[in-house]
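**Q** For the record, the sequence lines run as chains D and X. Each residue of the first sequence is one higher than the last, beginning at 1 in the working numbering. Each residue of the second sequence is one higher than the last, beginning at 1 in the working numbering.
No wet-lab data here; the hints were simulated from the structure. No residue lacks a Cβ here, since even glycine has one placed at the ideal position from N, Cα and C. Be a bit skeptical, because a hint or two may be false.
[Claimed, not checked] If you want the footprint, here are the derived chain D segments under chain X, 3+ residues with CB under 8 Å: (1) 84 to 92; (2) 105 to 117; (3) 135 to 148; (4) 180 to 189.
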Amino acid sequence: MVPETPDPAAERPDDASPKADPAPERPDSPEPSGDSVGTPLVRFEKVCKRFGDTVVLDRLDLDVEAGRHVTLIGPSGSGKTTILRLLMTLTQPDEGRILIDGAPLDARARKTIGMVFQQFNLFPHMRVLRNVTEAPVHVLGMDKDEAAERAKGLLEMVGLGDKLDARPSQLSGGQQQRVAIARALAMRPRVLLLDEVTSALDPELVAGVLDVLRDIARGTDITMVCVTHEMNFARDISDLVVMFDGGRVVESGPPEALFHSPRHERTREFLSAVR
Amino acid sequence: MTTGLYELLLRGLWLTVQLTVFSAVLAAAVAFLAGLARLSRRWIVRFVAGVYVEFFRGTSALVLMFWLFFALPLLGWQLAALWAGTLALGLSYGAYGSEIVRGALRAVPPAQREAAIALSFTPAQRMLRVLLPQALPEMVPPFANLLVELLKGTALASVLGIGELAFSAQLVRLATGDSAQVYAIILVMYFVVAFVITRAMRLLERRAKASVGRAPGRSRGRPTRVPPGAIDPAVGATATVGGGTAGGGTAGGASPGTAAAGGTATGGDVA
Ligand SMILES: Nc1ncnc2c1ncn2[C@@H]1O[C@H](COP(=O)(O)OP(=O)(O)O)[C@@H](O)[C@H]1O
Ligand SMILES: [Mg+2]
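This is chain X alone, in the form it adopts within the complex (with noise of 0.2 Å):
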């Protein structure tokens, strides 16, 4: 292999990781927001942010790919290959993220929201200065799978001619011939580069435990117990946050892995 052609798997790394930020950051501010809707107190709010999780969930990455990239146009708007991309992993990615707000959110056990109730805090107050610090920690693990996930699933953008990691292996593959050898080194970037994440968004989880006064890896107790009878005995039981595995496919895998909430929050209303 040439210089060049190492050059070429380089710059496809490097707009690998501009994807996986872009989509990222589109992923979390959607997650946060139709997490958070999914709580709201209105039911038209609730209904909404449903209709777009499942939506979302239910539709491939790739299709909607392909849908902003070749049917948008149709429509009016023309959007670069590298916007479309964001936008399809972005509002995928989203959509499962949103799960892991709610499902850390209504972890938090009931008794808080009480107890910033008793203090008057209005229920933006209640939201972020009692529940979401408690929450933050917990969807720090399965939004690291969900990167991890994103990170790969940035491989389904070669398909709009987008030049990264997959898309410049390809090209190396066609002017080598040596298969073995460009997919070998692919793996590997995209391995180091899922294990910088693990790592960093290990270092975050233990910063983010300690800033609430918990040490990493121990599992959650609740800080307070519900007195029997005073409250739903259904909504004491926790949420089911992430537990999605890092291991989805990567160019073929058409669908957003498995990573983001497994099982959806179990319990009673939280009105």
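Bound conformation, chain D alone (with noise of 0.2 Å):
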């Protein structure tokens, strides 16, 4: 007996309908590596996803290539969050389908998939190595020394590695996110999910957050699909941006065209509402 819920990534309605409209694609940004040449490393095909009588997701289609960054914005609840918790198999889709290298999103697919939450929900009862550490060991079946090495690396490259033994309740919010950032990292996810990972922190130490996102951007070969409020940050690691509003995508694009010249009055009015 194993209590608790389904593995969500078990099961989901098969549908075979023709391909989607490939998402728009950046054309100057650089090309993606290359082991995914014509297939989008992420792809949501025809995704709908209801609550009740709400319709969240109206049909979505999302392709994300290799090593691109994404940014998802639009109204609070337009549905951004849900296309993440979908991603990381949280919630399932009514209908549609979801693939990762083509493949359907399944229990192995989703270990290249790691995710950020806005609230951090780091581990409590573990300390700040220990969050680190505990699922490359037990999932990944790392050696205990080598994931300990690995996570006092990627603490240090946070600006975390003096509080190795700290608790996460003697943390301040930067810091616990700036944990859960390494926390993720240390899976090697090939897709990290950022859902307003700044959004419950205190102004002053947003940008510490934020400065260790763009070394991720700019270091790394990491896919990055993420919903933020900031859009200074938006603007500094994107190659497309993607508006959402109604349930579905409204417009995307380059982060410059969209921000400077939307097409559509929506866009507009949502850009000039947060700015």
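Hey, can you piece these two chains together into the complex? The hints should help.
**A** Next comes the structure, spelled out in structure tokens:
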């Protein structure tokens, strides 16, 4: 008997519908890494998601090429979090399918995806180092010492090399979020999902977290799917910005284009509201 | 009172302690098994566990004891009185304990489970490495109440002729005719054992909370806020655990006191 909930990646309706339109691509961005020519690393195919009568996603098509950094923007309630949760298998689509490297998103594919939450969600009963080593050791089967070494390196990188033995409750929000980033990276994800990772932070702590993320965006080939209201940050790191509203993509494009000359009124309104 | 009679009482005390310990071990095992089963993803497992809990909460430990000791032999099983008592108490109090286990697990913020899924822990790993360690300290105080209730519930076993404390007291009273003194003595004896249990459990609670990085006594703040709208709002509600009082009668009380989870868990589906 295993209590708790179903492994969410286990089952989903199979939709053999024809190929969806590929999402707009940014022509002048660097070539994605070679392993995925032609196949996007992440693909949403006509994905529908409803909660009761609320249609949150309405036949969503979205492609993310390997190595790209995609930022999702849109008003509150437009389904941005839902997209990330679907990818993390925290919730299941009602229709359509999600492909990772061309294959359905299952428990194995999930191991290539990491997520950082708005509220950090560190494990309060583990010290900082253990938060970062636990999954590599028990999920990836990594040697304990090796996991500890790597975790120390990652914590060093996020500026917390001196907090290995601290408890999460002893850290500031910004520090906790940086531990959470290290914890996600420790699993060597190919895709990193970031859901408003600075929204819960006091303003003076935001910059530290964003700097870490900028370093990751520049220094690694990890694909990033990011939800943020930090437009400057989005402009800095994104290859592609996708504007959502009403369960659909309103428009998408490179950050300069989308921020400076949005084509849709909805986008214009949203951008002026957040700035 | 002669020394012989004192010895009788002390032997009774020893049997009471034994009965308490054996029943508590069984009750704890049953509580975890049934508590986890009630959160299972399989409805049939949840259903069976639910039936068990409802049944044993709804029947009195006393009747159960009678049944195990006097009716089971008719079906060909003769249990020793001590084991019939242990079984009846363990199953009854285990049913209450399972509510404590379930409630404490559901009080762990759902975001913890999601963080564990995001790291690809298996369901068993999620339970053992993430949820249970956070739920255990929450279980200690209501379990302490339940254990004291169980101690007092052992007096029921005197009906099976087990020479535990209440039974011995009865014998001594018959021998001396001095009810006041005898019952005063066993009152103190029960109290001392209950006191030891309470103290020990408080120590355990403090250590358990320290081990998960929380100060004892502080009401449990949710370490993380759930983003509004990201999760069904009902799931966020915490479960009511324990809250029982340690005050049931001893020999007379036919049903396991009032400890155990007063309110069952509230909130949305774990699934
Ligand atoms: N578990 C849920 N149950 C019911 N409604 C939900 C649930 N999760 C999200 N929603 C609803 O779906 C919509 C989209 O939510 P969300 O993806 O969190 O939007 P965003 O992140 O863009 O603000 C909202 O209207 C929200 O209330
Ligand atoms: Mg959101």
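**Q** Please flag the earlier hints that this structure goes against, numbers listed from lowest up.
**A** none
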